[in-house]
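Undergrad: Residues per chain, in single letters:
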Amino acid sequence: MPVYVDISRCIGCRSCEVACQRVHEGWSHVNVHYAGYHAAVPVFCHHCQEATCAKACYTSALYKDGERTAFAVDKCTGCGLCRLACPFGVVWTDKLAHKCDLCSPRETPTCILTCPANALTTDYESASRRARARAAMMVAHGGRR
Amino acid sequence: MIKVDPALCIGCLACSNVCPSKNIVRDDTIEKRTISWKKCGEECDLCVEFCPARALTLVAESEETSIVFELVACRICGARYATEPMLRRIEGSLPEALQKDSSGLAWIWICPICRRNIEAERATREMVLGRSRKSP
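These protein sequence lines map, in sequence, to chains A and B.
Quick note on numbering: the numbering used here labels position 72 of the first sequence as 66, and the sequence is numbered without any gaps.
Quick note on numbering: the numbering used here labels position 16 of the second sequence as 33, and the sequence is numbered without any gaps.
In case anyone wonders, no lab produced these hints; they're calculated from the structure.
It cannot be assumed that every hint is accurate.
[What the hints assert, rightly or not] Label-pair distances were calculated between CB atoms; the ranges are:
(1) R105(B) to E61(A): 27 to 35 Å
(2) T51(B) to R8(A): 16 to 24 Å
(3) R105(B) to E119(A): 24 to 32 Å
(4) V42(B) to P99(A): 34 to 42 Å
(5) R142(B) to Q15(A): 38 to 46 Å
(6) R128(A) to S38(B): 53 to 61 Å
(7) P99(A) to E81(B): 25 to 33 Å
(8) S83(B) to R126(A): 53 to 61 Å
[Unchecked claim] If we take Cβ atoms under 8 Å as the criterion, some of the chain A residues that face chain B in the derived model are:
(9) S54
(10) V67
(11) S120
(12) A121
Glycine residues also receive a C-beta, built at the ideal position from the N, C-alpha and C atoms.
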């Protein structure tokens, strides 16, 4: 259950970054990137099915909890292996590791609640429905309008 | 006293992080990481217990030891970001299929900042292509 991003809706305001910082003691686990003038892309933890960070963690501080890649801070030694084992560069270590925990135990991640452009969701169905609707519109209108 | 096996140590700093009496000192510069195990008389074996490489043992007598690790440079930006034994350990712990991304890039040898940039570029490319796609 990662956070799905609809990049064509993202306005690059970095509200998700700030929202993440607000609930994680000043650390943000989202990174908004800008591609020239074309687009802004928030880069999130994918909560990979085969989580390489959890495979690298030797104290099981990082582990799969259903679809979520969860983190037990009391087991972390701050070795930094998870940071190096993340293919997307979204695990950080500063004495202790920190990464997206989907704002557990909150029901909805704070970044999703905050996003003013409605670009984020954890609901795969709604994300894919939106993408399909957009593709259908394009076909109906004969290309992009 | 702590005895360290330089052949096993990967330079991760887990021991330094868990040491309650600050007897394991790190010194990071841009190019090198130096770890020093000071003479330690504490009755404590946290560093031994938490070493991922099992490189530490407790002995009766030992001198202060230091190991210097040259940090590996990112293949894209050149920034030095990790010790080689750490990256080798990750290479060894992951199945080969996961060590390369969809474009065949060996991401382990790329720094986390460049990994994020690559991911952002990939996502943008996908979106811009979708935007400019004309219907048949």
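Undergrad: Compare the structure with each hint and give your call.
TA: Now the hints, each set against the structure:
{"no.": "1", "hint": "R105(B) to E61(A): 27 to 35 Å", "in the structure": "holds (31 Å)"}
{"no.": "2", "hint": "T51(B) to R8(A): 16 to 24 Å", "in the structure": "violated (37 Å)"}
{"no.": "3", "hint": "R105(B) to E119(A): 24 to 32 Å", "in the structure": "violated (42 Å)"}
{"no.": "4", "hint": "V42(B) to P99(A): 34 to 42 Å", "in the structure": "holds (38 Å)"}
{"no.": "5", "hint": "R142(B) to Q15(A): 38 to 46 Å", "in the structure": "violated (28 Å)"}
{"no.": "6", "hint": "R128(A) to S38(B): 53 to 61 Å", "in the structure": "holds (59 Å)"}
{"no.": "7", "hint": "P99(A) to E81(B): 25 to 33 Å", "in the structure": "violated (46 Å)"}
{"no.": "8", "hint": "S83(B) to R126(A): 53 to 61 Å", "in the structure": "holds (60 Å)"}
{"no.": "9", "hint": "S54", "in the structure": "violated (12 Å)"}
{"no.": "10", "hint": "V67", "in the structure": "violated (13 Å)"}
{"no.": "11", "hint": "S120", "in the structure": "violated (18 Å)"}
{"no.": "12", "hint": "A121", "in the structure": "violated (13 Å)"}
Violation of the numbered hints given earlier is confined to hints 2, 3, 5, 7, 9, 10, 11 and 12; the remaining hints are satisfied by the structure.
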